[in-house]
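Student: Spelled out from the first residue to the last, the chains are:
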Amino acid sequence: MNGFKQFLRRVATMDRRFVYLGVAVFVVIPVLWPWGLPIRVTPEARAVFDEVDEATEAGKPVLLSFDFDPGTMAELGPMARGILEHVFSNHGKVIVLTFMPTGAGLAEKMLFEVANKYGAEYGKDFVYLGYKFPPAAVILSIGEDIRLTIPRDAYRNVPLDQLDMMKNVKNYKDIQVVVDLAGNAMPEAWITNAWARYGANFTMGVTAVQAPDYKPFLLAGQSKGMLGGMRGAAEYEKLLRDRGIYERPGPAMLGMDPQSAVHVFIILTILLGNLAYFLTRKR
Amino acid sequence: MRRTVPLAIALIAGTLLLAQYFVPALYDLYEISITWLPVIAGVVAYLGIISFVRHHWIKTKRKTPDWRFSLVSLIAFAVMVVAGFWGDLFGSSVPDVPPTWPEAAIVDTPDDAGGSVNLAWKVEGAAGDIAKFAIRRKPADQGDDAYVTIQEFAAGANGTIGKPHENRTNRGEPYPSILENGDFSAELGNWVPEGAVTVEKSESMGSFAVLADGAALAGPTLSAESGRRYSLTAIARPLDGEPKLTVELNVGAAEPATADVTFDGDDWIRIPELGRYADESGEIRFRFAVTGGRVAIDDVELRPVDMEYWLAYADTAPFNYNEDFPRYGEGDSILTVNPTFDVTLAGWSADEGVERFHRTDREAGSCAKIPAGAALLSAPMDRPDDPTGQRYHYRFRGWGRGGGSPLQVEIVSYDGEGGEIAAEALDFDAESGWERKELMVLPPEATKSFRIRYRATGSEGAAFADDMLFMPVKVDPAPGVAYTYLVEARDAADAVLATASATVTADMEAIGSYQNPVGLFQWLFNYILVPMEATMFALLAFYIASAAFRAFRARSLEATLLLIAAILVMIGRVPLGDAMWEPLGKIADWIMTYPNGAAKRAIMIGVGLGMAATSLKLMLGIERAYLGRGQ
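Residue numbers (the working numbering), protein chains in the order written: chain C, 1 to 283; chain G, 1001 to 1631.
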């Protein structure tokens, strides 16, 4: 017993770099040898998928707000790609903007990559509005007339009326659903200004850390659906695979194995830390 | 004064914006505020920049502690300013649309209608009037008889409009009309009536000219500029009888353009656009003549039109095999002889040792087991005729597994004599589980039949093969095949005015690949900002793990509850939790929905009330900390 206590004491005081090493190992192993864990699709993820589906069927655009930066790209990037692939594979329309200066580059790259893959045409199938500021004014203005604060697009810098797709888009009534992918508090701005004031149809994708924060909005029906973290993105990719849009697992689905492994590792370290704490503490 | 003005602004702006929620008359104010806000925010951003530069400049100048970080910040700021203003330095900072189109090389043809190679043409200054364009295509190695028209589209007065995705034009903004009083707002003004022509007015249309039976109305004479096309448009409406309207347009010495308009119903209609090209400078004359009844004419416009068409035909629209041809069924397969090895290996030529093997590792069924060194060859499959004369690709899809030996699948092409002329291979690893793989091949022209050959290429163990499909797939245009494209500019009578052609080989590798913008701004973003931010965030995983290990202790009841909830959510929110014990996911969902939802709601409602109270305090001047320097 003393030997075990001695071991626990050493564990409790071990160099933190061993924990770092553990995290690295638990990430690398499933990356090299994937387990292919089954993914359960939650109702809130399916709701986002259905909303995008309805938009493409109705022929109305999806307004996709890229409110994330490279820091949260691992979680929110697969969501954005999945939604874009979903829209373009169904011959739908999408309007993309961002309220993050560092989101503009990501949005532009991903949008044009996916549009190019499906042969979508700028101005007819998609429009890029670029970085806009300040969010509240822009979100409110879209409720009145999008041209109030966004008179021109960001890619061609032409008046919106010169783009076929935008000729019939004035406000939220002409947009089937707003999807906000955010690594910040932007969904609150959308809900407060677009949903509450104009009744915009709203859904969101947020990081795993934010998911508990936004659960009440989901429960209140202010957001139709929610993709929470990489798990949410993986659920969306699963739906895309079931539909035949993704033939192979997407990046988030592949990320589920290392994420599961690291969660287990952290749980084990917490349990070990507590065990060491209780057995070695001085009364 | 320094305090009174901001306080007054806060009070007035706050009160008005609050009131507009409840008073519809103040709604305009709301719209104004929306458009003002970005301006104010822009000014604030500039103030921020000034403050940032000043702060770090002072720190650097005085060499205060950590002044080097300030210097780095200033340098980074300066670089970003340069990149912001000159982002296209070293290349474009925005992706091209469509990014994969090859460069257009303009080629002038003798009849002055130009064309560019590689599916983008510029047609300018064509003699005569182009009414439409046709794009035709044939395999380059075939004669002119093989041309197939793949698209026709009208050359409108205001640009060429074709189907999206397939052709694009860029004609720019139309020129304004050079005709004054085209709406008869100044009565007949400088128009020249022949017979009974009057100007009438209606509430909905304003002024318009009315031509009686047998009357005519000539427009004022205008000057034509050489090298321009002129376009005449108007609207007309029959008033009584069954009138016929004849419109004539003369530009310089060119043959006049005429159009006879008959009416079906009594609504306003837009008369067909008349256009003429000005070979040289001269006069423009036009005239409307009516017989058989009375006709109203309005909104007459005569505008110059650029004689330049950019035609871009995206025949090589980006595609990739996996995305564009995922849906095909077994019915399309030309491999019909025993592709699943259900009962025997009948129809296959097998080396010694190859056997039918009962599968237990997937759903019930059987497969072929091929020992190391042995091969299994399908019966010959005749290559189907291709009625279009263009070549099909062939797609193989099948399951395979290594069982100590790697497995190789070959699609073998044979000529008419039964000689092997080509083979393309696909490999499965020696230790792989069951995998489904695909292979797309473009067989040589001389191919008359195919066979599929499996080989266990290892020296020990065996390999397994099962369920396969093999079918022709139409890829249009086929990658690797050279096509000659011909664009024809035609007049209204379908006579060819000008042509331009180009021979293009659709390059599969080049198609569908996104080309990253390479400008300075994008380069800094892609290669500095993205990796740095991603790295910073990724480090969090390590810190969180370390912090959880060191600090997350069940020291009290609350901490214990938090710890248990955290562990349940952590394991329940990842697929491993579901796989371990299904209710784990539901427990995690329950924690997120009920305890978490309730607590968050309470916090948010509290915050909301606090924000309302603080806003009121700001508006009423009770809270003045934002004015700075004390209360």
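Derived from the structure by calculation, the hints contain no laboratory data. It should be emphasised that the depicted structure is a prediction, and the values quoted were computed from it without experimental measurement. Warning: the hint list may mix true and false statements.
Said to hold, decoys possible - The calculated SDA-like cross-link candidates involving lysine to any residue, where the alpha carbons are at most 20 Å apart (straight line), are:
hint, chain 1, residue 1, chain 2, residue 2
1, C, 173, C, 143
2, G, 1586, C, 143
3, C, 224, G, 1615
What the hints assert, rightly or not - Covered by chain G, per the in silico footprint, the following chain C stretches (three or more residues, Cβ under 8 Å):
hint, stretch
4, 39 to 46
5, 55 to 67
6, 95 to 101
In this text, a Cβ means the ideal position worked out from N, Cα and C, and glycines have one as well.
Student: Check each numbered hint from earlier against the structure, then list the numbers of those it violates in ascending order.
Tutor: 2, 3, 5, 6
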